[in-house]
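These are the residues of each chain, in order.
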Amino acid sequence: MKDPWLPQPAVVIDKVMETADVATLALKLVDPVAHARFHFECGQFNMLYLYGLGEVPISIMDMQQGLVLHTIRAVGRISRKLVALEPGASLGLRGPFGNSWPIEQARGRDLVFITAGLGCAPVIAAIRRAIATRPAYRRLVIMQGVKHRDDLLWQEQYERWREVPDCQVLLSASEEKQAHFAWSLGMVTGLIEKAEFDVNNCTVMMCGPEPMIRASMRGLAEAGVGLENCYVSLERNMQCAIGLCGHCQMGTPFICREGPVFRVPDIQQWFLLEGY
Amino acid sequence: MQQSAFLPREALSQLFQALQGDGYRVVGPTAEQGAIVYRELGSVAELPAGLVDHQAPGRYRLEQQAHGRYFDWVGTAQGLKPWLFTPEQPLMVAREVEGGLRFESVRETVPPTAVIGLRNCDLAALALQDRHFLQGEYPDPHYAARREQLLLIAVNCHRSAATCFCVSTGDGPEVTAGADLVLDELGAGFWVWASSPRGRALLARLPTRPLAGAHKRRSKALRKRARLQQRALPSTDLREPLYKARDNEQLWQSVADRCLTCGNCAAVCPTCFCSRVDEESPLDASQSTQIRRWDTCFNDEHSYLVGHVVRESAVHKYRQWLTHKLAMWHDQYDRSGCTGCGRCITWCPVGIDIVEEVDRLCTEVKAGAPRE
Ligand SMILES: Cc1cc2nc3c(=O)[nH]c(=O)nc-3n(C[C@H](O)[C@H](O)[C@H](O)COP(=O)(O)OP(=O)(O)OC[C@H]3O[C@@H](n4cnc5c(N)ncnc54)[C@H](O)[C@@H]3O)c2cc1C
Ligand code: SF4
Ligand code: SF4
Ligand code: FES
Numbered sequence: 018m019k020d021p022w023l024p025q026p027a028v029v030i031d032k033v034m035e036t037a038d039v040a041t042l043a044l045k046l047v048d049p050v051a052h053a054r055f056h057f058e059c060g061q062f063n064m065l066y067l068y069g070l071g072e073v074p075i076s077i078m079d080m081q082q083g084l085v086l087h088t089i090r091a092v093g094r095i096s097r098k099l100v101a102l103e104p105g106a107s108l109g110l111r112g113p114f115g116n117s118w119p120i121e122q123a124r125g126r127d128l129v130f131i132t133a134g135l136g137c138a139p140v141i142a143a144i145r146r147a148i149a150t151r152p153a154y155r156r157l158v159i160m161q162g163v164k165h166r167d168d169l170l171w172q173e174q175y176e177r178w179r180e181v182p183d184c185q186v187l188l189s190a191s192e193e194k195q196a197h198f199a200w201s202l203g204m205v206t207g208l209i210e211k212a213e214f215d216v217n218n219c220t221v222m223m224c225g226p227e228p229m230i231r232a233s234m235r236g237l238a239e240a241g242v243g244l245e246n247c248y249v250s251l252e253r254n255m256q257c258a259i260g261l262c263g264h265c266q267m268g269t270p271f272i273c274r275e276g277p278v279f280r281v282p283d284i285q286q287w288f289l290l291e292g293y
Numbered sequence: 005m006q007q008s009a010f011l012p013r014e015a016l017s018q019l020f021q022a023l024q025g026d027g028y029r030v031v032g033p034t035a036e037q038g039a040i041v042y043r044e045l046g047s048v049a050e051l052p053a054g055l056v057d058h059q060a061p062g063r064y065r066l067e068q069q070a071h072g073r074y075f076d077w078v079g080t081a082q083g084l085k086p087w088l089f090t091p092e093q094p095l096m097v098a099r100e101v102e103g104g105l106r107f108e109s110v111r112e113t114v115p116p117t118a119v120i121g122l123r124n125c126d127l128a129a130l131a132l133q134d135r136h137f138l139q140g141e142y143p144d145p146h147y148a149a150r151r152e153q154l155l156l157i158a159v160n161c162h163r164s165a166a167t168c169f170c171v172s173t174g175d176g177p178e179v180t181a182g183a184d185l186v187l188d189e190l191g192a193g194f195w196v197w198a199s200s201p202r203g204r205a206l207l208a209r210l211p212t213r214p215l216a217g218a219h220k221r222r223s224k225a226l227r228k229r230a231r232l233q234q235r236a237l238p239s240t241d242l243r244e245p246l247y248k249a250r251d252n253e254q255l256w257q258s259v260a261d262r263c264l265t266c267g268n269c270a271a272v273c274p275t276c277f278c279s280r281v282d283e284e285s286p287l288d289a290s291q292s293t294q295i296r297r298w299d300t301c302f303n304d305e306h307s308y309l310v311g312h313v314v315r316e317s318a319v320h321k322y323r324q325w326l327t328h329k330l331a332m333w334h335d336q337y338d339r340s341g342c343t344g345c346g347r348c349i350t351w352c353p354v355g356i357d358i359v360e361e362v363d364r365l366c367t368e369v370k371a372g373a374p375r376e
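Here the protein sequences line up with chains A and B, keeping their order.
To convert, take the position in the first sequence, counting from 1, and add 17; that gives our numbering.
To convert, take the position in the second sequence, counting from 1, and add 4; that gives our numbering.
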């Protein structure tokens, strides 16, 4: 029986500090055969292990030049140490786990991305995939909300996305007072009315703090978007990622197994309630 | 094919010897610190002869009776859970070596284990834990290693505790499936059924006698008596009323006011499967071990996400426990997560009674209790 608890040795090849407390790590599995075989669908995550500390779930942002990219924010015990790793450092990796965004099913449609705060890594994976296969989709709308303009990860990336044909980039900052030409003030949900997309032929992908997702669901419904075309990536405490520890249950689904990506109508009876 | 025969009381020790001779460790009930628990047993002498348990909400008491029957108690403090899904399970060992980290699986060698004394609610719970730990995409190798070594000898209940409600969940009191041997204890001996090839081979080696008509009549009467229970769940599928109750937090306040959120109910529940993973290194830091430990949805850490706890209040915690067990389980494992063993009622320090709470919730939902 294969041991699903056993991590694979991995090593940090490259590191980019995105902001003061966010780093993107480029990882390689030490075993060349395992590394060559590693494949992910965007939306999936890995469990990253640090010696003596333990494991946390982290989305796979992309693979580039054969390296697995993870963008991590230092928020607690393990993530802080992950962000502090330098090239050459060793860690463990189990994965990939979970399901993926409906990128294939969405061909021929408008793609709408809504992200806020820190929780944008899973959506960034989908945006990058959509742009890489650009002609397969119609319009792209990328909406991102942050508290302060300086919080925006990948400034340059957003600027480059503005150059992509038929791609609308809308940014908002909720705690800025001063207007700025490229930014709106207020919550990301305020951007929905500025977005130009076909409400009858679109797929929406969302990720971020739960109150923002709830507000976006309302905004989208008001704009006439069918929630069956809306998807969300969710987080719960995860101890195992293999459907055994019970921590990631949100009502009936186990987020590590049936998620982290859910079609809104499939999860909203739990998601709209506090305490599940 | 089933086979059955009569095993005289004195010959029970030969069953022990046959098992031990075949290399099994024998695990069975014994009295310890005022409760019946499963332990590895050396001989029949350690069985709780004549001990009868009295259970009530928040209460468990043993009484010595003169009859000397080995299995006249009803419930052990824990079921089979700790023998398969162990309270502490090392998962893997990490070492820092030249050029990186090395990870090693933990592989246990588990001796063949014969468990004697199990009740049907325990077997039903075992089937549910099998479903969780073995039949998903990632079977748990540690549970599997222990499960593969089991031989199961079950016992038909001849009475029910005041806390039992397995009749209403469809999980007892009579043994239906999953055991290798089934015992029905009658004064002078046992009516023994063999219901697996291993069970039949074992039975063939025991000094049995043909069964008398009187044995059958006596056994039937006793099994019927065990069906008389004081508690019953209103239905085996409570999704509809509980999902209505779920949406109204007010309905959970009265139980939350009493609940200590200690998690005892989940710890004794034979179907609860939650665990957390800890990391432990010795002081010299030569290696680091991941250890799985039992956890329950009553802990803040269970639902902790950076900066906040999803289920912080007793309302949210108790509601998770009850709705998961009796409602969400149907969607996850095609049946309720409760086998009616009554342990959560007995071992709750403040005597919260799951059946009473369900009755109340169903009544209040039906009456259309006001929404907050
Ligand atoms: C599917 C998924 C994908 C994620 N992707 C990313 C990502 O790409 N980048 C990123 O920076 N963060 C991501 N997170 C969040 C990340 O897992 C947490 O920030 C991290 O677990 C915090 O651990 P800590 O030890 O640093 O924090 P502490 O506050 O010390 O947390 C203690 C423990 O609680 C658990 N925990 C706490 N917060 C979370 C959480 N949000 N999700 C799951 N478990 C938690 C972990 O077991 C953690 O070790 C993701 C979470 C999930 C569930
Ligand atoms: S919920 Fe209570 S009665 Fe039901 S199986 Fe668990 S401990 Fe036994
Ligand atoms: S009731 Fe709670 S502790 Fe038991 S399995 Fe469900 S979530 Fe885990
Ligand atoms: S993370 Fe353990 S069950 Fe999903």
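For the record, the hints were derived by calculation from the structure and aren't laboratory data.
From a predicted model like this one, the values you see are computed outputs, not experimental measurements.
Note that beta-carbon positions come from the ideal geometry of N, C-alpha and C, so glycine has one too.
It is possible that some hints are incorrect.
What the hints assert, rightly or not - A short list of chain B residues far from chain A (calculated; beta carbon distances all over 12 Å):
hint: 1; residue: Ala22
hint: 2; residue: Glu36
hint: 3; residue: Val41
hint: 4; residue: Pro94
hint: 5; residue: Leu210
hint: 6; residue: His219
hint: 7; residue: Ala270
hint: 8; residue: Gln291
hint: 9; residue: Ser317
hint: 10; residue: His328
hint: 11; residue: Ala331
To be verified - Straight line, CA to CA, 16 Å or less: simulated EDC-like cross-link-like pairs of lysine to aspartate or glutamate:
hint: 12; chain 1: A; residue 1: Lys19; chain 2: B; residue 2: Asp76
hint: 13; chain 1: B; residue 1: Lys228; chain 2: B; residue 2: Asp76
hint: 14; chain 1: A; residue 1: Lys19; chain 2: B; residue 2: Glu108
hint: 15; chain 1: A; residue 1: Lys19; chain 2: B; residue 2: Glu112
hint: 16; chain 1: B; residue 1: Lys248; chain 2: A; residue 2: Glu291
Verification of the hints:
{"no.": "1", "hint": "Ala22", "in the structure": "holds (31 Å)"}
{"no.": "2", "hint": "Glu36", "in the structure": "holds (29 Å)"}
{"no.": "3", "hint": "Val41", "in the structure": "holds (25 Å)"}
{"no.": "4", "hint": "Pro94", "in the structure": "violated (10 Å)"}
{"no.": "5", "hint": "Leu210", "in the structure": "holds (35 Å)"}
{"no.": "6", "hint": "His219", "in the structure": "holds (44 Å)"}
{"no.": "7", "hint": "Ala270", "in the structure": "violated (10 Å)"}
{"no.": "8", "hint": "Gln291", "in the structure": "violated (9 Å)"}
{"no.": "9", "hint": "Ser317", "in the structure": "violated (7 Å)"}
{"no.": "10", "hint": "His328", "in the structure": "violated (7 Å)"}
{"no.": "11", "hint": "Ala331", "in the structure": "violated (9 Å)"}
{"no.": "12", "hint": "A:Lys19 with B:Asp76", "in the structure": "violated (43 Å)"}
{"no.": "13", "hint": "B:Lys228 with B:Asp76", "in the structure": "holds (15 Å)"}
{"no.": "14", "hint": "A:Lys19 with B:Glu108", "in the structure": "holds (12 Å)"}
{"no.": "15", "hint": "A:Lys19 with B:Glu112", "in the structure": "holds (14 Å)"}
{"no.": "16", "hint": "B:Lys248 with A:Glu291", "in the structure": "holds (15 Å)"}
When each numbered hint is compared with the structure, violations occur for hints 4, 7, 8, 9, 10, 11 and 12.
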